[in-house]
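Sequence lines, in order, name chains W, Y, P and U. In the numbering used here, each residue carries its 1-based index in the first sequence increased by 72. In the numbering used here, each residue carries its 1-based index in the second sequence increased by 72. In the numbering used here, each residue carries its 1-based index in the third sequence increased by 72. In the numbering used here, each residue carries its 1-based index in the fourth sequence increased by 72.
Wrong hints could be hidden among the right ones.
As the list claims (entries may be wrong) - Taking CB as the label site, the calculated pair distances span: (1) P:A138 x Y:A138: 52 to 60 Å; (2) W:H212 x Y:K216: 27 to 35 Å; (3) U:V373 x P:R157: 44 to 52 Å.
In case anyone wonders, no lab produced these hints; they're calculated from the structure. Please read these numbers as outputs of a predicted model, since none were measured by experiment. Glycine is no exception: its CB is placed at the ideal position from the N, C-alpha and C atoms.
4 protein chains.
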Amino acid sequence: MTTPTPLFGAGLWNFASYVDRYATDGYDEPVSTLEQIRLAGEVGDLSYVDLNYPFSHGATLEEVKAALAAAGLKAIGVTPDIYLRRFKKGAFTNPDPAVRAAAMELLHETVGVVNELGARYVKLWPGQDGWDYPFQVNHHDVWKLAVDGIKELASAHPETKFVIEYKPREPRVKMLWDSAARSILGIKEMGLDNVGVLLDFGHALYGGESPADAAQLLIDHGLLWGMDVNDNLRGWDDDLMVGTVHMTEVFEFFYTLRINGWEGVWQLDQFPFREDSVETARASIRFLKAIHRALDKLDYVAMAEAQARHDGIAAQKLVQDALLSSMGGDA
Amino acid sequence: MTTPTPLFGAGLWNFASYVDRYATDGYDEPVSTLEQIRLAGEVGDLSYVDLNYPFSHGATLEEVKAALAAAGLKAIGVTPDIYLRRFKKGAFTNPDPAVRAAAMELLHETVGVVNELGARYVKLWPGQDGWDYPFQVNHHDVWKLAVDGIKELASAHPETKFVIEYKPREPRVKMLWDSAARSILGIKEMGLDNVGVLLDFGHALYGGESPADAAQLLIDHGLLWGMDVNDNLRGWDDDLMVGTVHMTEVFEFFYTLRINGWEGVWQLDQFPFREDSVETARASIRFLKAIHRALDKLDYVAMAEAQARHDGIAAQKLVQDALLSSMGGDA
Amino acid sequence: MTTPTPLFGAGLWNFASYVDRYATDGYDEPVSTLEQIRLAGEVGDLSYVDLNYPFSHGATLEEVKAALAAAGLKAIGVTPDIYLRRFKKGAFTNPDPAVRAAAMELLHETVGVVNELGARYVKLWPGQDGWDYPFQVNHHDVWKLAVDGIKELASAHPETKFVIEYKPREPRVKMLWDSAARSILGIKEMGLDNVGVLLDFGHALYGGESPADAAQLLIDHGLLWGMDVNDNLRGWDDDLMVGTVHMTEVFEFFYTLRINGWEGVWQLDQFPFREDSVETARASIRFLKAIHRALDKLDYVAMAEAQARHDGIAAQKLVQDALLSSMGGDA
Amino acid sequence: MTTPTPLFGAGLWNFASYVDRYATDGYDEPVSTLEQIRLAGEVGDLSYVDLNYPFSHGATLEEVKAALAAAGLKAIGVTPDIYLRRFKKGAFTNPDPAVRAAAMELLHETVGVVNELGARYVKLWPGQDGWDYPFQVNHHDVWKLAVDGIKELASAHPETKFVIEYKPREPRVKMLWDSAARSILGIKEMGLDNVGVLLDFGHALYGGESPADAAQLLIDHGLLWGMDVNDNLRGWDDDLMVGTVHMTEVFEFFYTLRINGWEGVWQLDQFPFREDSVETARASIRFLKAIHRALDKLDYVAMAEAQARHDGIAAQKLVQDALLSSMGGDA
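Next comes chain W alone, as it looks inside the complex (with noise of 0.2 Å):
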């Protein structure tokens, strides 16, 4: 079976410098939207990107059109930095009402950005929108501010989708959407259509799901509308390139949407502190082609009879055939 290549797409961040709380002068200089669009664009294998906004050093909605345009790429979505100092105890759900609306403002002008460049969703990353210390929030009060934030923001564009990025932590100690599961019952909280989930597979990984089971679960609800890749050593959202440390994972991942018919983009997020932003996602790429390659291969008729008896041994073996050349000679 041979099957048309992916689609591959990129968070724009992907080619950003950064900044930690111990390397305050950042590993590296400034780049700004444009420059990290034209970055993007020297990859070669990417047709989207996911755009932060507001836009750095100035660029106007057109300027990034016509640097998108020039880079051969599209915008697959915005994601609004609704985690920058204003919103440092949170944006749906700030303890200061000022605050919250100050968020809902700038949500509110990210769907009009969205719509100008059509792209798909507004992505929505709440990623100080929890608590550090126990005792420190209402549980209640809390959950029942970002859902209902939420809603009214998806309630007031029910032409845009939505898609929420849950992560288990970080920057905040403890962060609200933090699993699929969670992900899910709030957005049927909600009752509206126009939300749904884009799950990061390091996300998943380091908060004791496994990826392949959270996207099933999350396809069964018909709510996987996106979703990005990357690796870590299972206890923190280290953002290393795909595949460097979870083959196999990565692996029953795609292996999970290509048997439920997924046809999305595959994005990368990763965060290339110390390495050229462009190399590491043409390396990851490199690999996930290698992962599409390996799906072609694999036989799925022995796997779902694998599967059917719960006989990790026989799929185990069916995978190491897949992937690794180095099993030729006995196999």
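Position chains Y, P and U relative to chain W; hints supplied.
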């Protein structure tokens, strides 16, 4: 504010002896069901026990009833052994339909025992329902079996209550009912009103949940029908004595129950591999009484105000004032 | 470069059946020592086994020797059962001097068995030496007992080699010999040259070490005297089949052994609770042969250059080129 | 037993503002070194600070001295910024010799600052010395650079003390100086008597150590030359206020210091991203004073007896009696 001391309970297995994969000769001589009941009675502060079924050493239902009466105990629930050898690849989700049927048979039988004992619920702890290896199961199929199985069971006994005790893992590398949110989702899929959740404090803790937050979510969905407490190092279900590691988070858990007016039995779920079972239960209840007194001391108005501001500093000071005598001098 | 296939070994317990605190009736019928040897022989690629002592079901040393010969196996080591009921509060560090003496007696006896079997070492796995609760032990005293105990033992048998298999935890909540660095420290305190380390890949992994780095540290101290491999999800000692989760890190581990010229037996330490023990061993060896072939394919010069630059991108591409057939098309 | 209140200290960065990879505009306006000193003075109970070097905003050594005097503070140590952009791939272990030389130059300069300020030590926190990817480094070479670099530095300044603050990870996915045992090993390899360790309670905790045990090990090797405290959820270096999560283990840590007669400064290492820095310091010191009073209340004879028996029940009751007022009624 002084409130009546809560009623205490314990899983009867708190008074068993244990075996693991290393000490295969067991940490102590086996303890029969009847002897476990006698030991539970010795604790002095226990009102309720949750009993494993089938009873060990051939004890009859009449003998168990008599033993409970003699010990001054009532049954709060009954936990069928759907995790023994026969069910090693799962009970509700076993790949073999005959094994699933055997599990169902035992579960139906357990309903009768619950009724005979006047207990409140059948407790479902599907410890072997899950997987060990990536690719071992089809995630859609296995979750469907998990939900449908409990639905079938609970539908057959509409007058009986069933509680699911979720847990992230062990004995399977990954368990299906692994979190509060996922449990709620599964129960909603069933569409029944006689299935709820028993929250184990330690399971929430090492699964990356805040136990207080998980309790609140369950309460908000009307599904917190039981709970038990213990402690661990956040990496495994150590089932240590309550309060030996996480004083503050246990306090937050009971605080959350109180402000919601949750009035149920405070149960223990401990595995004292190397300690005296009666003494560990007594030590934990001693600590829980302290927690209860601290709840009476807490300044609820100030706490609500602090939480409305998400003020972790003020909230923690209130906690310490209520919890620590050593604070007396300078508070 | 083609190198001879390594010799494979396995802990004999790979072929036992298991029990845990839930499936108290055991995951299968008990398997005797002699039967375990027969099963190990069936694998077909095993040259060595590590035997628990005392042997089960009353097998004599002569019977064991005969069974090994019949199965075409040699003993690489003997592991005394210093973690059964009697030693539940520790062997070397038990608070009761009589229990410590009993452990020492069993250990002396094991030296004789090692000599009789022509094995290479006594393997010390002090699984019950540690603690469960904060404040339970005096950390100075308990570590001193741990070091002094092994020193006393090894001093009494200067011609015999002893290897310590460190592990972070389980069955104790915290074990004393918990890491490569701590093991080296303790051995240095002994000042003996007949005590070394057996590195378990999975123990290193879930203890937060890089197994490759731990191996290098031990090699640099001349103390890597044995090793075994398996896999897990980095949170517990799952003892899964090799390569089912961490292909790349297993590869790095064996790469590190090769560039150091380490030539020992590639041993397995798996607990196939629910799988066929012979088949899991075969599946793992099948994968290890693939790793061995990938080691032959790897570009060592380019890897050394990449590592000299700390170039993670180049290093990972070299790894993937050696490991993945699916890379063939575009590499 | 009543003992004098300990002297308190804090890293000066406790009074800075912070940035991370999300809130790239910083959690607050930048705070200069001189302003940080003023804020530290406001706490009221601090005697010592540990200062980052170079000082920010162009402050001179004379200005810093004056500010310290005005605030009633002394310098306990100086921490050179060997983790900024230039050192993003490591200071002592950077693959580029020119960068290693630049780090060494800054370190030599820091020795002068320590002397000028009359501080006790140069604190080495080699946060960028490590790796991110499997296969990225040669583990032998990189550890050798790590040890040799500090050896070269400390050899050049035999009258100056250096302390290494170990940490498992962050900002690197894996750091080289990652545990107490490994730090001791590395220092022994140096063979110098002017290199010791500063133990950070939180680093030990989330690295899987028992902080009390790590402290004891360092004391037994004569290497516990400094310490600081904070708290976290055992999965990351959250740098929360002391005692907000792990009351019992903080208490065990200070108990261990006391029974060893360790008399140093009780330092704080907190990152109050979203809280007032002076108030978080005050709240932590308030708790630490409670710990100190609890240490005075503790029954040391009974504790020693309990620990001699490895009696976790008795030990925990003694802890709770000393720590909890709520225990008063029934103890």
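Worksheet item: What are the numbers of the hints the structure violates, in ascending order?
Response: 3
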